[in-house]
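Colleague: Please put together the full structure from these sequences, using the hints given.
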Amino acid sequence: MSEWRPTADFAALGRRAQLLSQIRQFFAARGVLEVDTPLLASAPVTDPNIEAITAQSPSGEGQMYLQTSPEFAMKRLLAAGSGPIYQICKAFRQGERGRRHNPEFTMLEWYRPDMGLDALIDEVAAVVALASGSADVARMTYQQVFEMHCHLNPHTASLVELKACAGQHLDLGFDSDDRDLWLQLLMSSVVEPALDPEQISIVCDFPETQAALAKIAVNGEGQRVARRFEAFYAGMELANGYDELRDAGELVRRIGDDHRRRGLSGQDLPPIDRYLLKAMPYLPECTGVAIGFDRLVMIACKAERIDQVIAFPLERV
Amino acid sequence: MANYSTNEFRNGLKVMLDGEPCSILENEFVKPGKGQAFNRVRLRNLNSGRVWERTFKSGESLEGADVVDQSMEYLYNDGEFYHFMDPESFEQVQADAKAVGDASLWLKEQDVCTVTLYNGAPLSVTPPNFVELPIVETDPGVKGDTAQGGTKPAHLSTGAVVKVPLFISEGEVIKVDTRTGEYQNRVKS
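Residue numbers (UniProt numbering), protein chains in the order written: chain A, 1 to 317; chain B, 1 to 189.
Hints in this document: simulated from the structure, not taken from any laboratory.
We put the beta carbon where it would ideally sit given N, CA and C, even for glycine.
Fair warning: there could be bad hints in the mix.
[What the hints assert, rightly or not] Computed Cβ-Cβ distance ranges for the label pairs, DEER-style: (1) Glu60(B) - Gly14(A): 50 to 56 angstroms; (2) Leu130(A) - Val51(B): 51 to 57 angstroms; (3) Asp257(A) - Glu60(B): 20 to 26 angstroms; (4) Asp177(B) - Arg5(A): 28 to 34 angstroms.
[What the hints assert, rightly or not] One side only, chain A facing chain B, incomplete, derived with CB under 8 angstroms: (5) Gly95; (6) Glu96; (7) Arg99; (8) His101; (9) Pro103; (10) Gly173; (11) Leu181; (12) Met187; (13) Ser188; (14) Ser189; (15) Pro207; (16) Gln210; (17) Asn240.
[To be verified] Over the 12 angstroms line for every Cβ pair with chain B, so calculated as not near, a few chain A residues: (18) Ala29; (19) Ser42; (20) Ala119; (21) Leu152; (22) Glu161; (23) Leu269.
Modeller: Dropping the structure here:
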């Protein structure tokens, strides 16, 4: 029929362009440098839950990857002494297609040397407010939201308790012995829909097993937690921020862990980014965060589906 | 049958779940930026008509169900079974009252219906969107009253009861929308 046409209307595309310009002004005013790193990468992330799209190497030999986030390249810039930087770029993830996902999407990512997590969270809230208009900000720990909405302590609950809680809320078509899988299911299917859609909810102190590339710290109750936060608004996950890991040895250990988990589930073992490893000793103390830009536009346009804010989703390219 | 992975789930795809043939109504992809992806899937059990909502780990798969929609001509009812025929292969199937359900109100011999077959046996029957049926019983027509509202019940040859305008008379043939059960117009014979 009219499949050559964009799925977004021009009012939405106009708002999208306006938001891009607002964000650039926002960071320019704060002295954060806009950077532009390659989309083609020799090594993708090793996170078992993120699968990169492969591309043939331009030399014709071997394969490369479309980046899943500009994190590694931006950290190399930070290590080389860039100071605060931000980037608005495309990122690609295999298999991620749905109401709020397109395998090719736009990411806003920035890094702040010498800025603490609290100040970074304020900055995230200010960026979200560019799209949402003014909104209250509520900060909670991962433990608090689980106690409130799942009535359990996510750090100490047993596998059986987590499964039972998931079973109360959902009709399940699978089983698993992975505690984190159940926590992630409860987070996305029970906690996230229960957060107040009108406020910017910041959830921090994730379990240390979900640290990704964040530092680990001990909280007031003696619990080891990841110095990591997520931001939610309008029932959507918007941002993922870290107090960035700087320990190369720990990075290697976490990559090894990812590879082991990938091996167990029969996934590919992607190469390791050697440049990142070499740069790690020079990475300054910093915090960093990534926001799904398309979701910000969804908020600005009060859109229900990502297709309403991007011109051509996967099925139209 | 082939297996279908969650990323191949589309509306209308027929799959087996708990040994029952189901049709997928909705497939929502749920994934945190960091973490496992899931699919929240709404399915209609084609045997019972009940709707299930089940959560799967993304990448898992379900066996396809041998369910096909086939255009078939309605032949007759032998008192117990409704008989349909593929107008091209002349192959015949018989459907019981449970499979035919409310479609029985609109079945007219020689009309082409959609018969949903599961492993070759009828699971459900969908009548054509529009059928033309004679009125066997209704109050006498009111001449001249063609414009004003006002309706009366009319009994059709199949047993269906439809609201018709006052000017319609017994013996006339009318066109009905089977999806809503609403009168459309009078058919000139």
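Colleague: Can we confirm that no CB of chain B comes within 12 angstroms of the CB of Ser42(A)?
Modeller: holds, 22 angstroms
Colleague: Just double-check Glu161(A) for me: nearest Cβ-Cβ distance to chain B has to come out over 12 angstroms.
Modeller: Holds, since 18 angstroms exceeds 12 angstroms.
Colleague: Against chain B, with CB atoms and a cut of 8 angstroms, does the hint on Leu181(A) hold up?
Modeller: With a closest approach of 5 angstroms, the Leu181(A) hint holds.
Colleague: Restraint: Ser189(A) near chain B, CB-CB cut 8 angstroms. Satisfied or not?
Modeller: Check passed: Cβ of Ser189(A) comes within 6 angstroms of chain B, closer than 8 angstroms.
Colleague: Gly95(A) was flagged as interface toward chain B. Is the shortest Cβ-Cβ separation under 8 angstroms?
Modeller: Nearest chain B Cβ about 6 angstroms off; hint holds.
Colleague: Quick one: work out the minimum CB distance from Ala29(A) to chain B and report holds if it exceeds 12 angstroms, violated otherwise.
Modeller: holds, 27 angstroms
Colleague: Just double-check Leu152(A) for me: nearest Cβ-Cβ distance to chain B has to come out over 12 angstroms.
Modeller: Leu152(A) clear of chain B: closest Cβ-Cβ about 18 angstroms, beyond 12 angstroms.
Colleague: Under 8 angstroms is the threshold here; is the Cβ of Gln210(A) close enough to any Cβ of chain B for the hint to stand?
Modeller: holds, 7 angstroms
Colleague: With respect to the beta-carbon atoms only, verify the hint that Glu60(B) and Gly14(A) lie 50 to 56 angstroms apart.
Modeller: 41 angstroms Cβ-Cβ, so the 50 to 56 angstroms window is violated.
Colleague: Measuring from the C-beta of Met187(A) to each C-beta in chain B, is the shortest one below 8 angstroms?
Modeller: Nearest chain B Cβ about 6 angstroms off; hint holds.
Colleague: Given the hint of 28 to 34 angstroms, check if Asp177(B) and Arg5(A) actually sit that far apart at their C-beta atoms.
Modeller: holds, 31 angstroms
Colleague: Could you let me know if the closest chain B CB is still more than 12 angstroms away from the CB of Leu269(A)?
Modeller: holds, 17 angstroms
Checked against the numbered hints given earlier, the structure breaks hints 1, 2, 9, 15 and satisfies all the rest.
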